[in-house]
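Enquirer: Listed here are the chains, written in short residue letters.
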Amino acid sequence: MKVNLESMPRMVSGIKKVRDTIITNIVLIGEKSAPTFKEKGRAVLFQERLAEFQIDECTTDSYQNPIGIIRGSDRNKPPIFVVAHLDTHEPYQEFFDFTVRKNTISGPGVADNSTGVGVLISLPVILKQLKLKFRSDIVLAGVIQSIGKGNLRGVRHLIKTWNGPIRGAICVEGVELGRLNHYSEGMVRAEIDCLSSSIPGRDKRNNSNAILIMNELINKILEMRLPQRPYSKIVLGKINGGYHHGRDAFDASLGLEIKSDADDLVKELINEIEDITENLKRLYEVDLKLKVISNLNATRLKFNHPLVKYANSVMKTLNLEPKSESSESELSIFLSNSIPAVTLGVTRLKTLNPEPCVEIDPIFKGIAQIIGVLQAIDNGVCDGRKLA
Amino acid sequence: MAENWLDTNTFHHSEFSSIDRLVKAKKKKEVVISLCLPTLNEEKTIAKEIVIMKSELMDRHPLLDEIIVIDSGSSDKTREVATHYGAQVHLSSDILPDLESFKGKGENLWKALYVSKGDIIVYLDTDIKNIHHRFAYGLLGPLLLDEKIRFSKAFYDRPLSDETKGIRPTGGGRVTELVIRPLFSLFFPDLTQIIQPLSGEYAGYRDLFEALAFPIGYSIETSMIIDIYKNWGLEVMAQVDLDRRVHRNQTTRSLGKMAFALMQRFLTRISDYNMIQLKDELNDRMIQFENRAQEYQQDISKFDMQERPPIITIPQYRERFTTAPKKDGKSGRKT
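Residue numbers (the numbering used here), protein chains in the order written: chain G, 125 to 512; chain W, 2 to 336.
Keep in mind that the hints were calculated from the coordinates and are not lab data.
Idealized CB from N, CA, C, for every residue including glycine.
Honestly, I wouldn't trust all of these hints.
Unchecked claim - Covered stretches of chain W (chain G as the covering partner; in silico rule of three or more C-beta atoms under 8 Å from a C-beta of chain G): (1) 55-61; (2) 129-140; (3) 284-294.
Claimed, not checked - With a Cα cut of at most 30 Å, we get these calculated DSBU-like pairs of lysine-lysine: (4) Lys118/W <-> Lys141/G; (5) Lys447/G <-> Lys391/G; (6) Lys104/W <-> Lys45/W; (7) Lys78/W <-> Lys141/G; (8) Lys258/W <-> Lys104/W; (9) Lys226/G <-> Lys231/W; (10) Lys362/G <-> Lys164/G; (11) Lys140/G <-> Lys118/W; (12) Lys255/G <-> Lys118/W; (13) Lys257/G <-> Lys141/G; (14) Lys362/G <-> Lys344/G; (15) Lys141/G <-> Lys28/W; (16) Lys25/W <-> Lys140/G; (17) Lys104/W <-> Lys164/G; (18) Lys118/W <-> Lys226/G; (19) Lys226/G <-> Lys29/W; (20) Lys28/W <-> Lys255/G; (21) Lys474/G <-> Lys104/W; (22) Lys28/W <-> Lys140/G; (23) Lys29/W <-> Lys141/G; (24) Lys45/W <-> Lys162/G; (25) Lys284/G <-> Lys391/G; (26) Lys141/G <-> Lys45/W; (27) Lys140/G <-> Lys474/G; (28) Lys78/W <-> Lys140/G; (29) Lys28/W <-> Lys118/W; (30) Lys140/G <-> Lys45/W; (31) Lys78/W <-> Lys226/G; (32) Lys474/G <-> Lys447/G; (33) Lys252/G <-> Lys28/W; (34) Lys257/G <-> Lys357/G; (35) Lys252/G <-> Lys25/W; (36) Lys474/G <-> Lys28/W; (37) Lys162/G <-> Lys344/G; (38) Lys252/G <-> Lys104/W; (39) Lys25/W <-> Lys141/G.
Next comes chain G alone, as it looks inside the complex:
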């Protein structure tokens, strides 16, 4: 059941031999625009590349998540999933210009998540180069509609409609190398919109200023009492409002996230914010609405689960310092479906401004750790184990 950890450094030099193909994949994927709900172009390219690499099977599921399958040698073993979200935060543009330098790749969305997807579609070439075979089928999935309002729809659908058990999963993120995510906090993301001019028949001269109403709402949220345990947190993440310096703002919006180890507490807190919103709406006679855009249940793979322990060992063999944090991503969907999973980062973010830039050299270690963990799952590290 053990992974040959001694072979890991050798693996890194083997992976370096296909450096140009890995960089090419990151660039070609990254230059294709893929905001959430508009991932089609990138999904088609994902499939085309896998087909070019002569992967055993290449298809899409009924939700249009592109999928490639590397067939394993044992038909009785359930498949192992390797997933990366296709969508990015960048708004649609016909073409993104990526720049490759001596040790960096830069371009919009390179870290989140072109590098992850580029590495994912390079795996058939890399595994061939390393002459590695697996007993399980390896399912490479680029999942759509993941981030923000996508609310992880792609991966939810993929797992829900997958016919049969799944042995384990690795979620691939572009950055940060060294992350070892194995749990997700309960989370709700919501947007509160205030429109002070949209109540029919209301005298516009008496409109309340939407920014001031939002300010009061924020003050009320800050007054809320949060318990020390279970851990909980409200993040006021983004705000928008108004139009002109000299005019009362007719509109304002607030984006917030509630996180906690306990799902019940998340529900309690969002209900309380809903009540505050409703009260202010009545008090000021404005159109004030709270809309939940995504939610996740708290799930966890314990720190002493063999998958986490092996992932730790693989990373330490590669001189990486594993860092464990909560990840509200594809991981939580696997874990909430009782599928052992971890999220790993591929490389390091060098800068964010003027545009995101990732380092090339660490990518090879990042890939080696993914393959090491993949081998551990294939060797049965997750078989017959409960998540927690």
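Keeping the supplied structure of chain G fixed, place chain W upon it in accordance with the hints.
Expert: Frame of chain G, contents of chain W only:
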């Protein structure tokens, strides 16, 4: 006008996307293929171009045999980056050092013939933002699969890249439409069928390139087309649709200079071919005006008419590339 040419000799890159088919044709023809990239301060774009070409057309499919960068003396890290990614890098002035050295794209392309070993040479510009391996295999397709084609040239949509507003979908090819197409219509109507005569991406057989004179600067593309047309005819040429090429926008002022150089070369060429008679030498200075501090001031740019002779006439080249005939009767190579 050769009426069928547009139909018979115009291709789309997707017709050649089966790279294995091209590799088979290459093996059958027993040819060596060189990709040559002329550079001057291209550190931002050169790595991407080399990495993609090397990955897709050398490592994964053995279509290209070498990637050669000919640099005009970049002051940035172009040469360092290109070497790092495995290209063969030459400083233009180091090639054929006994000859007087010039600076310009045409000079680099001409010298690439000396340092490369290919029977087929692919020339690509290095300022292409959306570089893709189709730029090379698209041009190679007609050369490898059609016996009569000896030269292929790219055409595409030319959206302009604007640093602040992203990509604007139209507006490229102004010099083509305002200068070259009218001149071709007047003197070479056949050549008007070439959609983008100024495109910087083309490929051809060595025996064709080595017999051509290469102007040093801007006008290499125009003179190349005219010379091939006059010496071998339109039927040896093909054009390939490469879909899109995103490139840097240029100011009207710099396009004006480009137009001057092209017209200067064009008129000289048609005079050489006795199609017109020039009674005096052409002025070699482009005169533009700028409004500086409420005053119009002259801005004069000098354009040398330097031109490299066909490289086959250079003894060092002949020494390097033997003329011993191959089985098919074509000239063989020593290196």
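Enquirer: Identify every previously stated hint that the structure contradicts and give their numbers, smallest first.
Expert: Of the numbered hints given earlier, those the structure breaks are 3, 9, 12, 17, 19, 21, 34, 36, 37, 38, listed in rising order.
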